[in-house]
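Protein chains in written order, with the UniProt record's numbering: chain A, 1 to 714; chain B, 1 to 714.
Honestly, the hints are just simulated from the structure, not real lab data.
Worth double-checking, as some hints may not be accurate.
No distinction is drawn between identical chains; accordingly, a pair holds when it is met within one copy or between any pair of copies.
[As the list claims (entries may be wrong)] Here are the simulated DSSO-like pairs of lysine-lysine, each with C-alpha atoms no more than 27 Å apart in a straight line:
#	residue 1	residue 2
1	K80	K360
2	K434	K552
3	K80	K693
4	K552	K621
5	K30	K658
6	K649	K269
7	K134	K360
8	K658	K238
9	K252	K30
10	K80	K696
11	K252	K508
12	K658	K434
13	K269	K100
14	K696	K125
15	K552	K693
16	K693	K269
17	K269	K30
18	K688	K80
19	K434	K353
20	K649	K353
21	K252	K658
22	K618	K693
23	K508	K649
24	K134	K368
Protein chains: 2
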Amino acid sequence: MKKWIVVIIGIMLFNSVSAENGYDLWLRYKVTDNAVLLQQYRQQITGINCTCSDGKLLAAQQELQQGLTGLLGKNVPLQKLVTNGTVMLGTPAQLPFIKKSVGENTLTGLGDEGYLIRSIRHEGKNIILITGNKEAGILYGAFHFLRLLQMQQPIAQLNISSTPAIKLRLLNHWDNLNRTVERGYAGGSIWDWQRLPGYRDQRYYDYARANASIGINGTVLTNVNANAMILTEPWLQKVAALAAIFRQYNIKVYLTARFSAPVEIGNLKTADPLNEEVRKWWKDKADEIYSIIPDFGGFLVKANSEGQPGPQNYQRTHADGANMLADAVAPHNGIVMWRAFVYSNESPEDRFKQAYNEFKPLDGQFRKNVLVQVKNGPIDFQPREPFHPLFGAMPQTPLMMEYQLTQEYMGFATHLVYEAPLFTEVLNADTHTKPNGSTVAQIIDGTADGHSLSGMAGVSNIGSDINWTGHPFGQANWYTLGRLAWNPALTPAQIANEWIRQTFTNKKAFVDTVQQMMLASREIMVNYMTPLGLHHIMGYGHHYGPAPWYNKAPRADWNPVYFHRADSTGIGFNRTASGSNALAQYQPAVRRQYENIATCPEELLLWFHHVPWDHKMKSGKTLWEEMCEKYYRGVDSVRWMQRSWSRLKNYIDEERFKQIEQLLGIQEQEAVWWRNACLLYFQTFSGKPIPAKYEKPDRTLEYYMELNFPYAPH
Amino acid sequence: MKKWIVVIIGIMLFNSVSAENGYDLWLRYKVTDNAVLLQQYRQQITGINCTCSDGKLLAAQQELQQGLTGLLGKNVPLQKLVTNGTVMLGTPAQLPFIKKSVGENTLTGLGDEGYLIRSIRHEGKNIILITGNKEAGILYGAFHFLRLLQMQQPIAQLNISSTPAIKLRLLNHWDNLNRTVERGYAGGSIWDWQRLPGYRDQRYYDYARANASIGINGTVLTNVNANAMILTEPWLQKVAALAAIFRQYNIKVYLTARFSAPVEIGNLKTADPLNEEVRKWWKDKADEIYSIIPDFGGFLVKANSEGQPGPQNYQRTHADGANMLADAVAPHNGIVMWRAFVYSNESPEDRFKQAYNEFKPLDGQFRKNVLVQVKNGPIDFQPREPFHPLFGAMPQTPLMMEYQLTQEYMGFATHLVYEAPLFTEVLNADTHTKPNGSTVAQIIDGTADGHSLSGMAGVSNIGSDINWTGHPFGQANWYTLGRLAWNPALTPAQIANEWIRQTFTNKKAFVDTVQQMMLASREIMVNYMTPLGLHHIMGYGHHYGPAPWYNKAPRADWNPVYFHRADSTGIGFNRTASGSNALAQYQPAVRRQYENIATCPEELLLWFHHVPWDHKMKSGKTLWEEMCEKYYRGVDSVRWMQRSWSRLKNYIDEERFKQIEQLLGIQEQEAVWWRNACLLYFQTFSGKPIPAKYEKPDRTLEYYMELNFPYAPH
């Protein structure tokens, strides 16, 4: 007998040394490594009671069983009868005692997706009840309960209720039908279209589990630069196979609609949204889609922007286009998300202003099932942007937030950049469009203007790399999108804390250090890339690395020089009344703050002002000195992250430790590249020296200007 | 204490249920599941003795420790002193006792890569010695030893020696610099060029381990449709990072050389191989490469074929081109692999004949460090081809075999096709170029003509999918390439047996069933795709699915109709003297057999003859009836594979079981598609009915002809 024990211990030990490759994301379900707590959990949780045979409830039960079995390191059985420690799942309709036990008001407040987790006494036993009006809520509750254990929280006296603040919580995949991903830095697309619908990859299930665990309830499978082919029957069958998997995790699929599809796949002569044949074609297409995918979510559309066709090709408005599609899906309860990211090739107008100019006049003209999807800032997912002036400017239209998780302008999948501070900075910005509270969060969640439809989307950073996001910390940005869409009031620190504990370890020294790194990381990137309000000075096309000198793009506003406007007198884009007057698109309270160089936050300074090189900053330094200081501080801070990380070697698995160590190494090199290239270039305008206290750039401006990256992902 | 045991058993059980995703390939190292054998192994293996601190010996020691620890389910320590059961690693130079113990002759016979595994008595202990003249041999020996345990073989009295028959055992990656893979069906490229050299993915190490375990000692990283950029300094630094990882696994890196590189990246006006400036450019480039990668292997070149530039652009021969590159790398002991896969756009000559016509006259003109790389058959990796007539026709030139692992013409990563029977069928073919033995294997391994340089390459089927090859059984084809290149005398059954036991389980019922499926699978595919010598009737461009009707390609020999030549009188390509006379390229003994319709193997019939529809086959059926029979048998056999597989559910993990079950489902559908489309199409020529005993095609020919796959991988 003793021999067997040794054998078993041996096997156990040597199975557990296997490296972690990041595939499991934040759903690792390792045995609780606090012995006291483990003992408690085992007493507090003895089994699962659930009368479920399919759908979301079955998914919840399976996840709970898998998760608890892992976390408790013992079998957690399904129970027909409750005992002390039973985790019980069910809706009030299934379990009539719940209404009495919990109260009708409480249940009403949960809506369709909310949940309740309560320690209660039932049939003389102490049980843990996870309930919700609909099965979806119970699924979310199960994940919440698992998170408590993953974070080693007490579960003795639970009384938790939660409902999502935002209705549509979506990923936008910019994935093409040939399995490439636009702005993808983590390998190819996870959608293996060639082998769908027959081959249902395990990744689809794990993708759905991960999304459900953070409350994401929809996914747009295809690129906004759209391909009409996806709307043809063989492809819809592929989509249906994914939808069938995602359905049990409360995730709806959406597709991008190519506006010219009636011409391209429908053999019509026009795609004019007011043409009856066109309208019928879309109606029929919608009917066909819903016959194949009964719970299809709807369409996301990029129209009349960057070469995409749209209603303006036929002298119609964005509202005409959106409403035609909205009418087609309305009978099936579908919705249309119409992107506000439009700017015209012909117009010489400041690109900052164009979306507002196009869309604000259309407020009130959209159908009830249309949302206008607005990027967080007016240009394009820069390291820092002021909030988009459309927020608050279209009170009759539900505006949906579009964030970019994939780090197109933030170091690809190579730089450690935690995006939550960027996201919440925008959410917390006050648009001043209402007297009593009109933050962007309040616009987005529908409360400011009383919209029941609301949404938040993140452009996915997911690819075929084993760890999903290329950079292990990219997972945190995916995680953030889900959690913030559920509850926009969560702080970056709260979200980081959750993610670190589940993804790595609960050990305090590790959690504290990594949380500090994450919270600082976005400002660090701003400093070494685009401090003081600089923006869009990345390499042309691929956006890899610095190229503030670039001026050869076929349109003015694709050139960095368009955005920074450096000359011998100073630097920055004058968007005050004496310049493009983009500031007029904000409410007076906002505009006044930004248009006055004395009150404009210095972090946004060059977004709005062309500032003399010797302008005195709050620090007492000149603008040029301050710029040098920011760039150098950015690099120094990356080195601080490297030192911090190097101390954490013994807390986690070697594989992920080394991955991040190596990536920080590249980030340091690229931060130096950014700093040197930008300062050497801007110096040609400022004519001032880089202060002697700093390390000298070890390459010339010419060296940096000649670098060339034809195969950078884009 | 008892409680802890329960805890431990619990943890163990619930850690071990984790699904297998295929990432570990045939190197799973699970605990031996035969209790008696496990007990024996534990007594027979007690530790590892190795005086090694780096390089290949360290890799061998690490692999042994990891593998044995897994297989024995206990720690296998490193030992300074030997005990009974020590596994001892070292060269005769390190361990002088070996020469006496083993004998000098035996050691000499091992060469540079061979190894010896012996149970010996040393210092009064029973130990297992793994030795070789060079560290590389010990690395291979270590993997052989691990394989014995993985296959649950006895290890009590070991006396194994092995040396590779072929010197260059290579993978050819058709991977592009933008991370796409030509003819790749398993996701994108595993080479993450964007993040190299700074980020060294764990996959690179596991790729090297897998290759070393089967004896592969070289890898061509880049596509034969080449990009000169890879030869520039920043990219060579990326290559060097891979080379540094692969070096310790005895794997050299090679690159494809774009012939026009001197013009494209060298600013020269010409790439004429006899131009002195061009020759100097390549010499300097080689010197640069070797300064960065001291053990660089050399170049693979596709020239003057399918649009690639080459020496003929300058009215020079393939020998002129190859020799120029050979001279450049010769001082560094580099080699050049020059592909014979050439066919001219202008020539109306039967494509079958063109490589032979171009290359045979050049025999004797190549430098000593040039190999000519010849595809197994004269056309292009078809399900079945006769052996390439160049084999045996260039006795003064080392000819290297090129197989295609990736299933361009064999169902992509969707069809279960074990390629070993295809590979060995060619190896075993007798070219009749020598009186006493001149099989293709003897040509390839250099014995027929006394070449010391020899090579075998496989076009890689590896991609970024978690399981590397898309289809779990694609791994078997990668495995086969390595094992056959080491020992071309291995049979498909032996290789399949090894692979199944290591990849899945040693359980007899499983091994027997799967081995049967694998051995039958290639002929099954031939039957439902291209029976009786049909070839190259796949979809245009992507080669997905059947398109025997296709006749719109810009060159004749890209059209299926060029190859099958069906008309009302019959079907097949007359390559006898009354036709293209390609048969004249074979030796008389071969030619005579093939040119006589009575002696031509029926499996090659339509390769060489245009055969009347009512030609009487050996079965007594007409050609048309036989063709029907083959196509229907192909589909039936896929269904047999499905039934066979369905019985194996309880033998392996659910994840891989389901993957294969689903893929067989698609294979069945696509086999029906092939059968119906081809028979309905050929029926338009034969004018005969499909015999009534068969299930009727449920679609029309028009339906199949209208199918269209613009996004199929290609």
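Homomeric proximity label, K696 with K125: Cα distance no greater than 27 Å
This pair counts as neither: shortest intra-copy Cα distance 71 Å, inter-copy 64 Å.
Classify it for me, K134 with K360: is the Cα-Cα distance of at most 27 Å met within a copy, between copies, both or neither?
neither (37 Å within a copy, 75 Å between copies)
Status of K658 relative to K252 across identical chains (alpha carbons, at most 27 Å)
between (37 Å within a copy, 25 Å between copies)
Please work out whether the CA atoms of K688 and K80 approach to 27 Å or closer within one copy, between two copies, in both situations, or in neither?
neither (78 Å within a copy, 65 Å between copies)
Given identical chains, is K252 near K508, meaning Cα to Cα at most 27 Å, within a copy, between copies, both, or neither?
This pair counts as neither: shortest intra-copy Cα distance 38 Å, inter-copy 45 Å.
For K693 and K269, with the copy left unspecified, which applies at a CA distance of at most 27 Å: within, between, both, or neither?
neither (67 Å within a copy, 48 Å between copies)
With identical chains, the pair K252 and K30 could be close in the same copy or across copies; at 27 Å between alpha carbons, which is it: within, between, both, or neither?
Answer is neither; intra-copy 30 Å and inter-copy 39 Å both fail.
Which holds for K658 with K434 at a C-alpha limit of 27 Å: within a copy, between copies, both or neither?
neither (50 Å within a copy, 56 Å between copies)
At most 27 Å between C-alpha atoms: does K434 with K353 qualify within a copy, between copies, both, or neither?
within (22 Å within a copy, 81 Å between copies)
Check K618 against K693 for me: Cα-Cα at most 27 Å, and say if that holds within a copy, between copies, both or neither.
Result: close within a single copy only, 21 Å intra versus 91 Å inter.
Can you tell me if K434 and K552 fall within 27 Å by alpha carbon in one copy, between copies, both or neither?
Neither, since 43 Å and 65 Å both go past 27 Å.
How do K508 and K649 come out at 27 Å by Cα distance, when the copy is not named: within, between, both, or neither?
within (14 Å within a copy, 44 Å between copies)
When held up to the earlier numbered hints, the structure conflicts with 1, 2, 3, 4, 6, 7, 9, 10, 11, 12, 13, 14, 15, 16, 17, 18 and 20 and fits the remainder.
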